[in-house]
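Undergrad: Residue numbers (my numbering), protein chains in the order written: chain A, 1 to 156; chain B, 1 to 297.
Derived by calculation from the structure, the hints in this document are not laboratory data.
Since the model is a prediction, treat every value here as computed from it, not as a measurement.
Fair warning: there could be bad hints in the mix.
To give an idea of the chain B side of the interface with chain A (calculated C-beta under 10 Å), a few residues [as the list claims (entries may be wrong)]:
(1) G23
(2) S57
(3) N104
(4) P120
(5) E214
(6) V216
A virtual CB, placed ideally from N, CA and C, is assigned to each residue, including glycine.
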Amino acid sequence: MNFNATLIGQLIAFAVFVWFTMKFVWPLLLSQMEERETRIADGLAAAEQGQKDFAEAQEKSTAEINKGKEQAANIISQAQKRHDEIVEEAKDDAKAEVARIKESALSEIEQEKEKARQELRSQVAALAVSGAEQILMREVDQNAHNEVLAKISQQL
Amino acid sequence: MSSGTELTSNSYLQHHLQNLVLGQLPEGYPRVDGELDAATWTFALNPQEVMDMGFWSLNVDSMSWSIFLGVLFCFFFHRVAKKSNSGAPTGFANLVEMIIEFVNKNVNDIMTVKNPLIGPLALTIFVWITLMNTMDIIPVDVFPEIMKLATGNPLAFHKIVPTADPNITFGMSIGVFILIIYYSIKMKGVGGFVGELALQPFGKYMIPFNLILEGVGLIAKPVSLALRLFGNIYAGELIFLLIATLIGSALPFFIGSIFGGMLQFVWAVFHILIILLQAFVFMMLTIVYMAMAHEHH
């Protein structure tokens, strides 16, 4: 081991490199790394917050959906009820209508019957007269027998 | 023939462990090509010339590789520092930030006092020493062969591992030592620092003894820092060289090449651990010494 001026050279080089590192490398890199550290921490916190918010929102939405489902079921059951009511009403209406139509038809029939009877009555009188005419082969005083004839036709 | 082989491998080892030294030789110095007419700045051709150049000579290879790797470190780290932002880091920036975080964590764990110098100091030490140690992985013959081709001199020296040169490791540990003394005096005052040396551990009646004990402890810090790193890397380099000489060239050419190559690879894999570990140890001890310099006992 023989020492020479290399020792001093190395000492100077060492000092220069340490100075350079202290001036231009270390503070720059360290501050950026620290900045990044805080950014990462912030990012992680934000992500956690976001996750929490998301979970909350999910819970909320589930609740809303459940509420909606309940409402829909309610509405459906109400509609079912209403539907039954309407059907019942319609049935009742139809029955009443049927009864009404039946009644009017009956009364019409009654009227027709009455009309036919009247017609028959008048014709029976004429027939009876003509029949009697033919039987008696003579003129019958219509006026004289009107009372009788009316009595007969009244019996019809 | 065994003595011949030994001589060859011996000179091979010597050649590969010799730095490329630039220094001044005095007038009338006998060299291989005759005596010098005047004092000349030149590259040493053998260990004796290196000795004769004295202190004011320079290990050009260690120095230039060391500075080159330091500049490389500064350049890449500065580029990352300029480009990076607080967004997601990519590619190389990840590695840089991982290293910074690792160093910063160690500094914060050990230092009780905040000092903006310690972080950059530890980072520089760790990365720079790692880079310098990593030069050990490059096969031992590559750069000597390149030098041979470049200069035409088969004996041109070139040692590429700066930390296998004690000048480099002592250069750094003395830097750390200066900081230890600077911060000791700054934090505790001259009186406090001297008091710490003189009055511990046995109180004021044993001052000379205390001084010797604490003085040795103080001096041991830079010496052990430098020697530990140097010793580990030098030994690693030596083992690469020994594998190359004893296995690679002692066996017949093909077997020697393949077997030697395999052994080199295995040792290189083990050596990666030493490379990182020694850089880490140097960094950690520096931080610990700095922390001790800042604390009152």
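Undergrad: Out of the numbered hints, which ones does the structure contradict?
TA: 5 and 6
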